[in-house]
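S.K.: These are the residues of each chain, in order.
Number of protein chains: 4
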Amino acid sequence: MSKLTVTRKPFIVGVMGSHRDESNTVMKEARRLGEGIAMRGHVLLTGGGPGIMRAVSEGAYLAGGLVIGVLPNDRRHPLEKYPNEFIDLPIYTGMSDARNVINAKTPHVLVALSGGPGTLSEIALALRSGTPVISLHAPPFEIPGDYDFTAVDSVEEALREIDRVLDKLLIS
Amino acid sequence: MSKLTVTRKPFIVGVMGSHRDESNTVMKEARRLGEGIAMRGHVLLTGGGPGIMRAVSEGAYLAGGLVIGVLPNDRRHPLEKYPNEFIDLPIYTGMSDARNVINAKTPHVLVALSGGPGTLSEIALALRSGTPVISLHAPPFEIPGDYDFTAVDSVEEALREIDRVLDKLLIS
Amino acid sequence: MSKLTVTRKPFIVGVMGSHRDESNTVMKEARRLGEGIAMRGHVLLTGGGPGIMRAVSEGAYLAGGLVIGVLPNDRRHPLEKYPNEFIDLPIYTGMSDARNVINAKTPHVLVALSGGPGTLSEIALALRSGTPVISLHAPPFEIPGDYDFTAVDSVEEALREIDRVLDKLLIS
Amino acid sequence: MSKLTVTRKPFIVGVMGSHRDESNTVMKEARRLGEGIAMRGHVLLTGGGPGIMRAVSEGAYLAGGLVIGVLPNDRRHPLEKYPNEFIDLPIYTGMSDARNVINAKTPHVLVALSGGPGTLSEIALALRSGTPVISLHAPPFEIPGDYDFTAVDSVEEALREIDRVLDKLLIS
Numbered sequence: 025m026s027k028l029t030v031t032r033k034p035f036i037v038g039v040m041g042s043h044r045d046e047s048n049t050v051m052k053e054a055r056r057l058g059e060g061i062a063m064r065g066h067v068l069l070t071g072g073g074p075g076i077m078r079a080v081s082e083g084a085y086l087a088g089g090l091v092i093g094v095l096p097n098d099r100r101h102p103l104e105k106y107p108n109e110f111i112d113l114p115i116y117t118g119m120s121d122a123r124n125v126i127n128a129k130t131p132h133v134l135v136a137l138s139g140g141p142g143t144l145s146e147i148a149l150a151l152r153s154g155t156p157v158i159s160l161h162a163p164p165f166e167i168p169g170d171y172d173f174t175a176v177d178s179v180e181e182a183l184r185e186i187d188r189v190l191d192k193l194l195i196s
Numbered sequence: 025m026s027k028l029t030v031t032r033k034p035f036i037v038g039v040m041g042s043h044r045d046e047s048n049t050v051m052k053e054a055r056r057l058g059e060g061i062a063m064r065g066h067v068l069l070t071g072g073g074p075g076i077m078r079a080v081s082e083g084a085y086l087a088g089g090l091v092i093g094v095l096p097n098d099r100r101h102p103l104e105k106y107p108n109e110f111i112d113l114p115i116y117t118g119m120s121d122a123r124n125v126i127n128a129k130t131p132h133v134l135v136a137l138s139g140g141p142g143t144l145s146e147i148a149l150a151l152r153s154g155t156p157v158i159s160l161h162a163p164p165f166e167i168p169g170d171y172d173f174t175a176v177d178s179v180e181e182a183l184r185e186i187d188r189v190l191d192k193l194l195i196s
Numbered sequence: 025m026s027k028l029t030v031t032r033k034p035f036i037v038g039v040m041g042s043h044r045d046e047s048n049t050v051m052k053e054a055r056r057l058g059e060g061i062a063m064r065g066h067v068l069l070t071g072g073g074p075g076i077m078r079a080v081s082e083g084a085y086l087a088g089g090l091v092i093g094v095l096p097n098d099r100r101h102p103l104e105k106y107p108n109e110f111i112d113l114p115i116y117t118g119m120s121d122a123r124n125v126i127n128a129k130t131p132h133v134l135v136a137l138s139g140g141p142g143t144l145s146e147i148a149l150a151l152r153s154g155t156p157v158i159s160l161h162a163p164p165f166e167i168p169g170d171y172d173f174t175a176v177d178s179v180e181e182a183l184r185e186i187d188r189v190l191d192k193l194l195i196s
Numbered sequence: 025m026s027k028l029t030v031t032r033k034p035f036i037v038g039v040m041g042s043h044r045d046e047s048n049t050v051m052k053e054a055r056r057l058g059e060g061i062a063m064r065g066h067v068l069l070t071g072g073g074p075g076i077m078r079a080v081s082e083g084a085y086l087a088g089g090l091v092i093g094v095l096p097n098d099r100r101h102p103l104e105k106y107p108n109e110f111i112d113l114p115i116y117t118g119m120s121d122a123r124n125v126i127n128a129k130t131p132h133v134l135v136a137l138s139g140g141p142g143t144l145s146e147i148a149l150a151l152r153s154g155t156p157v158i159s160l161h162a163p164p165f166e167i168p169g170d171y172d173f174t175a176v177d178s179v180e181e182a183l184r185e186i187d188r189v190l191d192k193l194l195i196s
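Chains as they are written, first to last, in my numbering: chain A, 25 to 196; chain B, 25 to 196; chain C, 25 to 196; chain D, 25 to 196.
Simulated from the structure, these hints should not be mistaken for lab results.
Wrong hints could be hidden among the right ones.
It does not matter which identical chain is meant; a pair holds if it fits inside one copy or across any two.
[Unchecked claim] Dumping the calculated PhoX-like pairs for lysine-lysine here, alpha-carbon to alpha-carbon at most 25 Å: (1) Lys105 - Lys192; (2) Lys27 - Lys192; (3) Lys52 - Lys192; (4) Lys33 - Lys105; (5) Lys105 - Lys52; (6) Lys33 - Lys192.
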């Protein structure tokens with residue numbers, strides 16, 4: 025029986041992205057992002073499915089991180105590729121798209137990595153909820169007003185930005 | 025006791041927008057949009073609150089239309105200005121932002137009129153759910169892929185677009 | 025195009041019950057209950073599906089009442105027998121069992137007519153939310169505390185109890 | 025920085041109960057139940073609040089178990105005593121009672137320990153979702169049909185029943 029070590033009351037980092045496979049480059053970025061999150065001792069939270077969600081979960085899982093998947097389905101209604109094989113804690117909601125709200129509200133910081141309208145909804149809901157959002161290749165949009173949103177160009181920059189956001193939480 | 029006449033199994037037109045008051049021009053547009061929807065015999069569905077939601081509801085209500093408000097709160101937890109005074113059928117969810125999903129999925133067609141991240145989340149969720157979206161001054165964004173999204177410049181154009189979308193449903 | 029007349033800001037009466045057909049007697053009771061609700065000018069709200077939900081909707085619809093169905097599915101994911109053919113306003117949630125919360129919170133008064141664990145969950149959620157509950161053949165249970173719950177033995181008694189509850193709301 | 029050890033893909037045991045403090049006896053039972061769950065290496069999931077939820081979380085937390093709290097509120101809307109101080113992973117939903125659905129669907133087995141209508145709704149939703157339910161002093165009710173429900177008289181019996189249910193899952 026495999027074990028992992030978890031910090032008490034850890035930071036939760038959300039990563040949102042498409043359920044479809046993206047380019048090789050983006051999938052590699054997702055795995056490296058997951059690995060970086062796990063190596064910092066943070067818990068990863070995703071939508072628990074295939075594509076980007078699976079790649080980032082794989083990176084975190086194989087690096088010894090704890091991985092939460094907030095699933096759109098429930099056990100009674102199995103959904104192909106949900107949860108992916110790198111989810112430690114599947115949270116079954118049966119709520120379809122309404123589970124996006126949980127993905128947006130729960131993490132201490134959220135990274136949007138590529139994705140379509142589902143990811144855009146999670147970005148918008150996160151901004152509305154006050155969750156800081158870091159965007160790496162996410163759909164562009166413009167909202168008038170002052171929101172905690174940062175666009176970055178690489179996984180390394182995303183990880184530095186995660187550090188910066190969480191450091192602020194430690195101090196406050 | 026005031027009465028109104030409703031078509032059996034009517035079309036439901038959703039209008040999403042900010043809970044804040046917008047410029048005089050936009051508020052007038054919202055009222056005219058609501059009026060136009062009611063005069064076509066359609067039921068109006070909004071988030072049931074203040075600002076744009078109230079203005080469009082006022083237009084529809086005063087023109088004799090039936091108005092549904094899908095509320096974030098429940099009766100046990102009154103929320104100031106929810107429902108506004110032009111809501112016939114308040115649907116209490118107590119679900120906060122998760123009620124946006126219902127606003128996105130229920131209408132036969134959805135008009136986004138101005139608004140911030142809440143409205144953007146409803147646009148994104150609607151596109152994901154296959155609900156046609158008509159945007160009048162809504163936050164700009166870009167999603168790669170083929171979605172049923174039309175940007176318009178005036179209330180008249182929005183109403184013509186509503187007609188066009190619903191006519192297609194009648195035929196199919 | 026068929027029309028119906030609706031009171032402005034009408035009372036909403038919820039009726040919850042099994043998605044399965046019950047005995048002939050119970051199905052007839054459901055239709056009579058729906059008819060009585062519509063004839064009083066109230067809007068009927070159900071879960072929008074088959075069985076008891078359909079029978080009570082049929083009674084209300086054929087008596088010229090407006091019928092709301094709060095559906096567990098969305099248009100993208102059709103669900104057999106949802107909505108039934110007597111629903112005027114299908115509210116699409118895609119939320120599966122979480123839509124029970126809306127059924128429990130929205131009506132001014134809720135009648136539980138037979139049913140299984142789904143109906144029991146709606147009774148419990150209604151009591152928790154302060155919605156008065158009238159039970160006709162609903163699953164028996166006991167909750168310590170002071171809740172607005174009345175067991176009745178017939179449709180006529182249920183309708184009288186609906187009148188009593190709504191009269192109190194008119195006065196207060 | 026305190027650490028704990030977690031099994032990869034652990035079993036999740038839900039414990040539902042009142043947000044109010046119960047008798048000394050019941051509170052002690054809740055703590056012992058939480059302790060027993062943690063000592064078996066299972067993750068505890070509760071509604072994350074005060075009363076029974078806090079007592080069982082305390083027992084699990086102090087015994088070195090990982091504790092998930094599925095909260096009715098979100099960070100933007102702090103709710104007194106949510107999360108309690110023994111929650112490692114607060115899942116913010118902002119969905120009020122709709123979060124009960126997640127509590128009912130996510131655990132591999134659910135223990136209902138005392139409680140009012142909220143707990144009763146979770147029992148009903150769990151039975152509907154196929155989650156096995158173990159009841160210790162929970163509100164009595166009767167649902168016709170064949171459901172996976174066991175009433176027990178003590179914490180020890182509840183823990184043995186948890187073992188029995190989870191052993192079956194290991195085999196199947």
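S.K.: Run through the hints listed earlier and report the numbers of any the structure violates, in increasing order.
M.R.: 3
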